[in-house]
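Model the placement of chains B and C on the given structure of chain A, informed by the hints.
Residue numbers (the numbering used here), protein chains in the order written: chain A, 1 to 417; chain B, 1 to 165; chain C, 1 to 411.
Please keep in mind that the hints were generated in silico from the structure rather than gathered at the bench. It should be emphasised that the depicted structure is a prediction, and the values quoted were computed from it without experimental measurement. Where hints are given, some of them may not hold.
Some chain C residues well away from chain A (every beta-carbon gap over 12 Å; in silico) [said to hold, decoys possible]:
1) T14
2) G22
3) R28
4) E74
5) Y89
6) Q108
7) Y191
8) D261
9) I404
Covered by chain C, per the in silico footprint, the following chain A stretches (three or more residues, Cβ under 8 Å) [stated by the list, open to error]:
10) 75 to 83
11) 319 to 332
12) 338 to 348
13) 366 to 374
Backbone N, C-alpha and C define an ideal beta-carbon position, used for all residues, glycine too.
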Amino acid sequence: MGMTIGEKIIARAAGEEKVAPGEIHTVTLDRMMSNDGTTHLTVDKYNTKLKHPRIADPKKVVFIMDHNVPADNPKTAAAHKKMRDFAREHGIKLYEGQGVCHQVMMEDYVCPGELIFGADSHTTSYGALGAFGTGVGGTDFLYAMVTGTSWVMVPETLRFNLHGRLRKGVTPRDLILKIIGDIGANGANYKVMEFAGDGAHGLSISDRMVLCNLTVEAGAKAGIVEPDEKVIEYCEKHGRKAEHMFKSDEDAVFAKVYEYQLEDIEPCCVRPDFVDHYDTIANVEKEKIRIDEAFVGSCNNGRLDDLHMAAEALKGKKVSPRVRFLVAPASQKVYQQAIEDGTIEALVDAGAMIMNPNCSVCWGSCQGVIGENEVLVSTGTRNFKGRCGAPSSKVYLANAGVCAASAAAGYLVSPEV
Amino acid sequence: MEQFTGKVWVLGDDIDTDIIIPTEYLALPTVEDMKPYGFSPLRPELAGQIRKGDILVAGKNFGCGSSREQAPEIIKALGIRCVIAKSYARIFFRNSINNGLLLIENSQVQEDVKEGDSIIVKVGESISLNGKDYPIQPLPGNLMEILEAGGLVAAMQKRNGIRRA
Amino acid sequence: MGNTLIEKIIMKNTGLKDVAPGQIVTVRPDRVMIHDIFIPFVAEKFEEMGFTKLDDPDKVVLIYDHLVPASLVEDIRHFKIGDAFAEKYGLTHVHRSDGICHQLMTEQGYAKPGNIVFGTDSHTTTYGCVGCFSTGIGYTEMASILGTGELWVRVPETIKVELEGALPDNVMAKDVILTLLGDLHSDGATYKALEFTGSGVDAMSVSSRMTISNMAVEAGAKCCLFRPDEKTCEYSKVSMEDVAWLKADPDASYERTVHYDAKDIKPVLAAPSRVDNIHKVSELEGTPIDQVFIGSCTNGRLEDLAAAAKIMGGKKVAVRTIVTPASRDIYKAALKAGYLETLSKAGCIITQPGCGLCCGRAGGILADGEKVLATNNRNFLGRMGSSKVEIFLGSPKTAACSAISGRITMP
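This is chain A alone, in the form it adopts within the complex (with noise of 0.2 Å):
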């Protein structure tokens, strides 16, 4: 009987021939990333837990200031220091202000066929490169980065079929998110949402990306497109190889296989304030909410493709005084490629705030903010009561072209076409 991509790369970091949903193994992974959201707690652990403190590889370890960039108050400020300190000392790598975490590892370190942590739960995203990403705890990361290794239990797969291409207008974002509404925000707990079939291998990494990022939604333990040359071409340009493209045997077993036609698939907005609160814009748009924030931005959307679409959404338009636009490119790249191509200044002309590469509104705290009973339109991945600012919030989720369409409108609105 053949493997899935998932169970093939976890036979590797095992060093196992084969493994077997429902197994558990010591695995050696390629690579940890811990974010400012929780490094100085890893960090006042390791200080204060171990009794021999020493970290197996730190050329394997990344830290990534993206939560609270720059620092907002005096304890984020505190946290930083810890962290930076403690990346000094033992030599780890430490970006600040560079970019949310995930684009970042995206950018500069994951490869596929690798088994990567990160502290935090969207690492699902570098399944977009035929990886393994999860996100683990704050022990977990701790117990890996001081011994290299970790457990784990081989999940079962979840394949998804995608078939011919999404229409204009129609982002990977609509349909991932149509397919946490299908299973629900529980669909795929502890398993592997692999991707397949034409419409899996139309997108670009960048879509890929979105898909993955937001598998975790669904309770996935990772998201995985299957890997083919337009990854080879990725690693290529960013300076890595690509050694180890998975793919799933053709008798691999499958917890359960879906089907779905890309030419199907709407502009979504998603209600509050759950991610499975699935609905079509073009239904919520008849209901003329108000909202008060609109937010282009983070590691599920905060990319080139996605800061074109909002300001061909804002074309010959202006944000409406009533709402704060607020744009975050997902990393200093993003942002100089948006500033080379005339994108950033088209969105500043619009009335954008443009942001500081960082996890922003997304994050719900350090900037952008949302005040009592006020109503966010955005790209980010989560829209958890309270999630964004006061819990009387609310936060509803959609595309690009949507969240800048409807920041000119004034409330929530599919872009014209």
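Chains B and C in isolation, oriented as in the chain A frame:
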């Protein structure tokens, strides 16, 4: 002539508005909420120690820095009856009068005073400490009018006929 | 006897034939500025005072800058109250995310040469760069002006500051005002007007003059005036005839005159934690720093970003460096000129225009024991974190060179 006695707290020169109330607390909803943080960068415990009727004695350029009116409001809310300093920054000076906080200018008493001493203030006339009198200048007439009305809000209320003179 | 610049402006506004220092007069301001931190208090006091309408809504400018973007849920309350006030009383000049109030007031033409402008912020002195008498007031006074359209002022004495000659290449307007602060001290100009003259000032851009008038309040000054010239007229979109009256008489009386030879001015820093604790950069050179901040109403303009970009081009910063342009227009101009891309590639964090770090509410707060070299206007205890953060104030050139080396460095 109005006269009162108060226990003294002593501060130095150039007590700026960020010391009186740091910016991070300015968005708190009310002066009452901000009050505990008064003077916190310099003496975090001071706000809790000040009692109603106490007097602040400071050096030169008291209240320099920003235009935040919370500075005199907090001093008043903490119960400070008046401030005696060698000199005041201009915006703070205006803001204090507008909020009915009495400011006295004197450059000698600082040499003799210790924290915890009592000072007797005869408004517009003199201050005295341990039996020694220190002369003070009266305020210009238009400012006394605002002070006597209880601040600028009350003065405007009179103007607008919603408070009897 | 003749009159100084500030006296001329007050005479024009009041219609009085002569005024003298010490005199108390009532003026009718041409504009007033309120920012987001204080609008809730202004609104409350305004209604508490019993006013039901504004004296002149067109004269009022409301600017959100201290809390943009909001870092706390409570910040939003300020925007809501501001929006409601604007709607109720018919304000038309409202800027919600366009940059720092003081930059916008001159840049957007609200404060013009010869005007009198009051603002709920101490750095309102900034508009003196175009020959406008502008000064900061509290929110209670602002509320009364909104209702009455007038305010009493004491005619200030004037200190004349002469700057002759050309500044050395590594010296900027920031070094001039810091040097002056060191000499005058933080209360040396309390209640007084500063009037800048001389060939060194004539050679300066309006932006550079803005840096100086902005920080004049750190010496306690009520205002800091520059006589308008062609550069001013171009910037403020007025004609030279409009401002012909705006000059001090030859026999005007000054409290005193301070003279500087521009060539003698050195790059300097205000060391922690007083604005008048001035040291030459050369004396402090080599001091390790943890962060650099280039921005604020003092030094967040195009020429400041240009200076930084020129120094940082092709290099990488050694410490975290935060760049905050002063306004949306400056951000755009810096985009077009390529400065933001250069700075981003050098590793700078470029933020949305706003008060940011300078007002200590977000935008790069520091941890205890850290040192920052910043281009803004205050280094008071606790301004950018706890009282254990040390702040050095310097020019954008000094800041950029220090960012590259990670230590205080001579430009």
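Query raised in the report: What are the numbers of the hints that this structure violates, sorted from low to high?
Result: Structure breaks hint 4 only.
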